[in-house]
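Engineer: Going by my numbering, the first residue of the sequence shown is number 45, and it counts up by one from there.
Don't read these hints as lab results, they were simulated from the structure.
Careful: at least some of the hints might be erroneous.
Claimed, not checked - Restraint ranges, calculated between C-beta atoms of paired labels, are given here: (1) I135 with F57: 15 to 21 Å; (2) I46 with G89: 17 to 23 Å; (3) L74 with S108: 29 to 35 Å.
Small disclaimer: the values here were computed from a predicted structure and weren't measured.
We treat Cβ as the ideally placed atom computed from N, Cα and C, and that holds for glycine.
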Amino acid sequence: MISSNIGEVASIFLTSALGIPEGLIPVQLLWVNLVTDGPPATALGFNPPDKDIMKKPPRRSDDSLITPWILFRYMVIGLYVGVATVGIFIIWYTHDSFMGIDLASDGHTLVSYSQLSNRDQCSSWEGFKVSPFTAGARTFSFDANPCDYFQGGKIKATTLSLSVLVAIEMFKFQIIKVHFLQSNNLQDHGLCKHYYMYPDQYE
Numbered sequence: 045m046i047s048s049n050i051g052e053v054a055s056i057f058l059t060s061a062l063g064i065p066e067g068l069i070p071v072q073l074l075w076v077n078l079v080t081d082g083p084p085a086t087a088l089g090f091n092p093p094d095k096d097i098m099k100k101p102p103r104r105s106d107d108s109l110i111t112p113w114i115l116f117r118y119m120v121i122g123l124y125v126g127v128a129t130v131g132i133f134i135i136w137y138t139h140d141s142f143m144g145i146d147l148a149s150d151g152h153t154l155v156s157y158s159q160l161s162n163r164d165q166c167s168s169w170e171g172f173k174v175s176p177f178t179a180g181a182r183t184f185s186f187d188a189n190p191c192d193y194f195q196g197g198k199i200k201a202t203t204l205s206l207s208v209l210v211a212i213e214m215f216k217f218q219i220i221k222v223h224f225l226q227s228n229n230l231q232d233h234g235l236c237k238h239y240y241m242y243p244d245q246y247e
C-alpha cells in the first residue's frame, strides 16, 4: 500500500515537473486509494490470529517498524510505478504505434512532446486537428476547440495510466497466492488444481 501511494505521488510530481497534463485525475486517485488500501485492510481485520502468537517473544522496544531495506523497496517500487504510469501516458500521446498496437487507427492523434508540454497554446498550432473517438456509447469530437483534446481526449491515456497501478496490485496478489500454495499441504494444491480445471462447478 505504501509503494502504491509513493507511485501516485511520483506520477503527479512527474507530470507537474514535465509540464504535461495530469496523468490521473483526483477521482481516479481516490479510486486507487480505495482499491489498494480498503480491501487489504479489511482482509487483515478478518484474518485469524496465529496459534503460537503468545509464544513469540515481544518485539524489542528499539526496533523500527520500517527497516532501511523495506524503505528502499518501497521507494524503488513506488518510483517504478510512478515512472511507468507517466511513461504510458506520454507514449500514448506522442507515438502512433506502440509494441505492435496501431494507436492511430483508434482515434489517436500524434502529438509531439513539445506540443504536449505547451498544450494551452494548441489553438495556434498550424494544422493541428484531432480525430474524434468513441468511449463506450459516447463519441468525443474536438472540431469546435481542438484544445479540449487534452481534457476529454485524455480519457484513454489516463485509463492506461490507471491500469499500471491496478496491474501492480494484481501482480502482488499473484505473488501472495503462490507463496500461500508453497506453504500449504497437498490437499490445498489439489483443491486449487480442481478449481482451475473445473471452474463451472464453483459458479
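Engineer: Just tell me: holds or violated, for the beta carbon distance of I135 and F57 against 15 to 21 Å?
Structural biologist: 19 Å, holds
Engineer: Would you say the C-beta atoms of L74 and S108 sit inside 29 to 35 Å of each other?
Structural biologist: 31 Å, holds
Engineer: A range of 17 to 23 Å was offered for this pair. Does it hold for the Cβ distance of I46 and G89?
Structural biologist: The hint (17 to 23 Å, Cβ to Cβ) holds, given that I46 and G89 are roughly 18 Å apart.
Hint violations for this structure: none, all hints satisfied.
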